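**Q** This is what each chain is made of:
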Amino acid sequence: MHKFRLSPYLFTAPAVLLFSFTILLPIVMTFFFSFYDWNGFGTMKFIGFDNYVRAFHDHIYLLSYWHILIYIILTIFLEVFAGLFLAGLITVKLKGTSLFRVAFFTPVMLPMLVTSFMWRFVYNSDFGLLNAVLKFLHLDSWTNVWLGNPHTALYALCIVSGWSYAGFYMTIFYAGIQRIPNDIYESAYLDGATERDIFFKIKIPMIKNLVEVALTLCILGGFQGFDLFYVMTNGGPYNATEIVTTYLVKVVFTNGSIGYGSALAVVMTLVVVGVGVVLNMLKRNGNETLEY
Amino acid sequence: MEMSMRKSSNSAAFRLFYYVFMSVFSLVYFYPMIWMLFSSFRGNSEIFNKPFSLPAKVDFHNWSKAWQIGKMSTYVMNSVIVTSLTVVFILLFASLASFAFSKLKFKGSKLMLLMFVFGLFMPMQSFFIAQNYIFDHLHIKNTYWALILPYVGMGLPLAIFLLKAYLDSIPKEMMEAANIDGCGNLRLFWSIIMPLLIPSLATVAIFSSLNSWNELLLALLYVQSDSLKTIPVGLLAFSSKHVTDYKLLFSALTIITIPMILIYIFFHKHIVSGLTEGSLK
Amino acid sequence: MKKAIIGLAVLSSVAALTTGCGSSNSNENAASGNTASTNAGATNGSDEKFTIRLADGSPGDEVLSVWNKVKDMYEKAHPNVTVEFVLQDPQLYQTMGLPSLLNGENAPDIYFEWAGDRLKTRVHDGFAADLTSYLEQDGLKGKFSEGNFVGMVYDNKKYMIPTDSQVTNVIWYNKKIFSKVGITQPPTTWDEFMADCEKLKAANYIPITTGNKDLWTAGNWNAHLISRVVGEQAYADAMELKSPFNTPEFAKAMSYMKQLWDNKYINDSVNGINDDEGAALFFNERAAMYPSGGWFVSGAKDKAPDMEYDYFNLPTMPDGKGDQGSVIGVLEGYVVNKNSKHIGAAVDYLKVLESPEVVTMLSQAGSSMIAPGSEPETDPTILKLKDMMDNTKSVVSPPDTGYNLEVADALNSATAEVLGGVSTPEQALAKLDAKVAPLKK
Chain A
1 MHKFRLSPYL FTAPAVLLFS FTILLPIVMT FFFSFYDWNG FGTMKFIGFD
51 NYVRAFHDHI YLLSYWHILI YIILTIFLEV FAGLFLAGLI TVKLKGTSLF
101 RVAFFTPVML PMLVTSFMWR FVYNSDFGLL NAVLKFLHLD SWTNVWLGNP
151 HTALYALCIV SGWSYAGFYM TIFYAGIQRI PNDIYESAYL DGATERDIFF
201 KIKIPMIKNL VEVALTLCIL GGFQGFDLFY VMTNGGPYNA TEIVTTYLVK
251 VVFTNGSIGY GSALAVVMTL VVVGVGVVLN MLKRNGNETL EY
Chain B
1 MEMSMRKSSN SAAFRLFYYV FMSVFSLVYF YPMIWMLFSS FRGNSEIFNK
51 PFSLPAKVDF HNWSKAWQIG KMSTYVMNSV IVTSLTVVFI LLFASLASFA
101 FSKLKFKGSK LMLLMFVFGL FMPMQSFFIA QNYIFDHLHI KNTYWALILP
151 YVGMGLPLAI FLLKAYLDSI PKEMMEAANI DGCGNLRLFW SIIMPLLIPS
201 LATVAIFSSL NSWNELLLAL LYVQSDSLKT IPVGLLAFSS KHVTDYKLLF
251 SALTIITIPM ILIYIFFHKH IVSGLTEGSL K
Chain C
1 MKKAIIGLAV LSSVAALTTG CGSSNSNENA ASGNTASTNA GATNGSDEKF
51 TIRLADGSPG DEVLSVWNKV KDMYEKAHPN VTVEFVLQDP QLYQTMGLPS
101 LLNGENAPDI YFEWAGDRLK TRVHDGFAAD LTSYLEQDGL KGKFSEGNFV
151 GMVYDNKKYM IPTDSQVTNV IWYNKKIFSK VGITQPPTTW DEFMADCEKL
201 KAANYIPITT GNKDLWTAGN WNAHLISRVV GEQAYADAME LKSPFNTPEF
251 AKAMSYMKQL WDNKYINDSV NGINDDEGAA LFFNERAAMY PSGGWFVSGA
301 KDKAPDMEYD YFNLPTMPDG KGDQGSVIGV LEGYVVNKNS KHIGAAVDYL
351 KVLESPEVVT MLSQAGSSMI APGSEPETDP TILKLKDMMD NTKSVVSPPD
401 TGYNLEVADA LNSATAEVLG GVSTPEQALA KLDAKVAPLK K
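Chains as they are written, first to last, in UniProt numbering: chain A, 1 to 292; chain B, 1 to 281; chain C, 1 to 441.
Excised from the complex, chain A in its bound form (with noise of 0.2 Å):
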């Protein structure tokens, strides 16, 4: 095996220096710039700490992580444990289950892009589906401004990532539940247990792991989220909705400040990487005491 030395090398490279060239590279530099007064063309002036000073007095870089919070929150429910009870539903042991599938898995197949505008439309208060259906309802009273009003519109964009990730979610647990042995099923039927006992007391705990691998992704993605934000709102309204990238992307590319933007971006990158580690670490720590 240790014929070739500097084979392993060779095989690794294309990978490694791509890998340093494009991501590593790029985050090693942001650092450097967030410590200079800069528009990104003219003279670079060092300025120390003083954008970090700035980003932890910006009320608004502050509050779009208040709203990533909330974002995170909802869609553990909208999309996690939506995924769960969907996964619940479409493994009962019924014929024709698999067409449900298909149908809650089509929005995961649409760009987040098309997710967006469609719903952009589904919202718009002047011909938008939703406020259609209330008025058809008799319900006038309760026809928003869905996008427009700062109550509603965070939650709003929370329903719609539900509505596209639920069913990823949901093909993930479907996967787990699928690998569940059938005598286990045979016998809870023959004991009598209803579909409810079987969701809460076979389907749900033997697939832990799943549940936690899912929350993790949810939790994580979540900071990631940008297509949503960008094309449903952009921040708006008054900040309403306003997440880190959003908001970052304003900072460096409409105002033009590239140093105040790298410090902003390096805070995130380690708010990622420290809430990154804590999942690791509660996970670890879950599996040794939880093992089965």
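Don't take every hint at face value.
To be verified - Between beta-carbon pairs, the in silico distance windows are: (1) A/F56 to C/K120: 18 to 24 Å; (2) B/I263 to C/S179: 43 to 49 Å; (3) C/D155 to A/L25: 52 to 58 Å; (4) B/K269 to A/A193: 27 to 33 Å; (5) B/I34 to A/N209: 32 to 38 Å; (6) C/T378 to A/F56: 58 to 64 Å; (7) C/E377 to B/V58: 43 to 49 Å.
Unchecked claim - Pairs of lysine to any residue, SDA-like flavour, derived with a Cα cap of 25 Å: (8) B/K241 to C/A365; (9) C/K301 to C/T381; (10) B/K65 to C/A304; (11) C/K201 to B/S225.
Said to hold, decoys possible - Interface residues of chain B toward chain A, partial, derived using beta-carbon atoms under 8 Å: (12) S102; (13) P123; (14) L196.
Since the hints were made in silico from the structure, they are not lab data.
Since we're looking at a predicted model, the values are computed, not measured.
Quick reminder that beta carbons are idealized off the backbone N, C-alpha and C, glycines included.
Given chain A, put chains B and C in place with the hints provided.
**A** Just chains B and C now, with coordinates in the frame of chain A:
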């Protein structure tokens, strides 16, 4: 035997309730897409005034207009070029690297793997500012490479871990036997590893292509020339120009959506496993 | 002409439109030789092939087709020169787009810019050539009056060739709806304006529609209103961060926006939809008034050719400290890059653009110009707008073309919050002051 069991546990009332509930629920779930399809056949005033009615006639005129005005064929072609090159590079680089990580011992492999772990969950906003700067200075902005390079970079970590996990499950003896036969690592890779990897490569190809097909932010930042735009950016440009021509927008959205749904229907097994394994690694 | 002060939702869309350059070197290119003065001697008069790049925000299709004609005309006369348009999405162009083009390789030789603070920055950064002597040459001389150069002259040097003076906000109204509800005269005072809104609301129309998702629409309008209430100088001082925003005068000015929301005189979707969607409510006659700029005329030609409309300037504000006849607007034009190797050729190109026949073609495409055309302008609305701009004593600069973009954005956000009923004027102004505090250096 199994049939009789189902009957015994799920009563007729339960079944009725289940089917009715699921049908209504999935229809509601599906309805926005149906509404989008219907609206693409309507006129603008119809969209405003009769949101529920069936379209007066199924008229593909809006579609062809959107296709032409929206320069969809250009965007589709660009997306195909960018996505296919991205996938080829990811498959090649990731399988080479995962082979080394899984089967060859060498110094620094742990560190390199750690680096790729980092890459698994970095949002692109952590690096796009400086990446933009670098690409600007190397004059690769406004070329296909400005998209392919970062897409490959972002896709590599997941691909490597997935392929490595698969290779780890292949017994070492198989390779050692080959080694004794005097196979060099490269021969080993091509003649033994690659054929074994093919099913996993399909999985990697699926999620890599979906990711690069749908990517918006970098495409928005790095490509300015209309003739190089990919579908998401092209659609965005189109929508900002025709923001109130709703019938055209609905048509454009529908045109983009239908192939995705068809692909899903034909390849759903592969896609589902590609997506789920891709995220579960 | 420019819809470029406008922010569309998209970040970028540069279309580099290049076609092949002239094939034969005819003797016509000698014509450009006589314009060479400062550093153009190296290129003009020789057969050397080169390219002139012109950067601008992308115009509508009709204007673009005129530009392409101008390009053809010029290239025919100068077979050794290729003209290349570098067109970006207007919002990108206005913010990061132009600076990065100027600093990049293949920097444009000619670029669109707004007079005033922005041009001053370009002059300061060394991106604007002194055009004073060129403006005395045939083809440019006598086309402009001194008033057309406001905000283009620094140290007695002219740095811009004007194209248009653009009114950025008046209130457009639907004549039919007005007469239907019994409004015979457009309002001249704020109280009349409010009374008219009440009538329109009672008749089930949306009195005013604005799509303010991108903030500049209502922001532009309110900046004008603010300058009328607090005075032009006080507005400019605050925008330049020389004095705070949160003062009783500003709060009073902002309270008029609150009045619109509280009385439901504005579409409730105001901050949820963008400018075009807001305009759609006006074009499909659900709303009676639509505050917008002079570019509305070309948009209306496209989208509602049969509509009967007119405009009135912002009504006079009660006890306003500013000039109650002021107009909000901006002068626009082209700048020649000081670093260009082909300054003479670039000016030659602009001479073609300012020639009477091109001016007329452009105005027929809905893009009006200051320079005289081969046929007199006939569109009564455009004439009326020109007249208003020429006769006002005070021209107020819009926040996003006259001042720092971050300050403009902060003011526009404050306007949106008050107009959308989520903040009181005082709250919004306090937040605004906090937001711009780090910008004071």
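**Q** Hints first: check each against the structure and report whether it holds.
**A** Now the hints, each set against the structure:
no., hint, verdict
1, A/F56 to C/K120: 18 to 24 Å, "34 Å, violated"
2, B/I263 to C/S179: 43 to 49 Å, "56 Å, violated"
3, C/D155 to A/L25: 52 to 58 Å, "44 Å, violated"
4, B/K269 to A/A193: 27 to 33 Å, "30 Å, holds"
5, B/I34 to A/N209: 32 to 38 Å, "37 Å, holds"
6, C/T378 to A/F56: 58 to 64 Å, "59 Å, holds"
7, C/E377 to B/V58: 43 to 49 Å, "47 Å, holds"
8, B/K241 to C/A365, "17 Å, holds"
9, C/K301 to C/T381, "12 Å, holds"
10, B/K65 to C/A304, "20 Å, holds"
11, C/K201 to B/S225, "46 Å, violated"
12, S102, "10 Å, violated"
13, P123, "4 Å, holds"
14, L196, "16 Å, violated"
In terms of the numbered hints stated before, the structure departs from hints 1, 2, 3, 11, 12 and 14, listed from lowest to highest.
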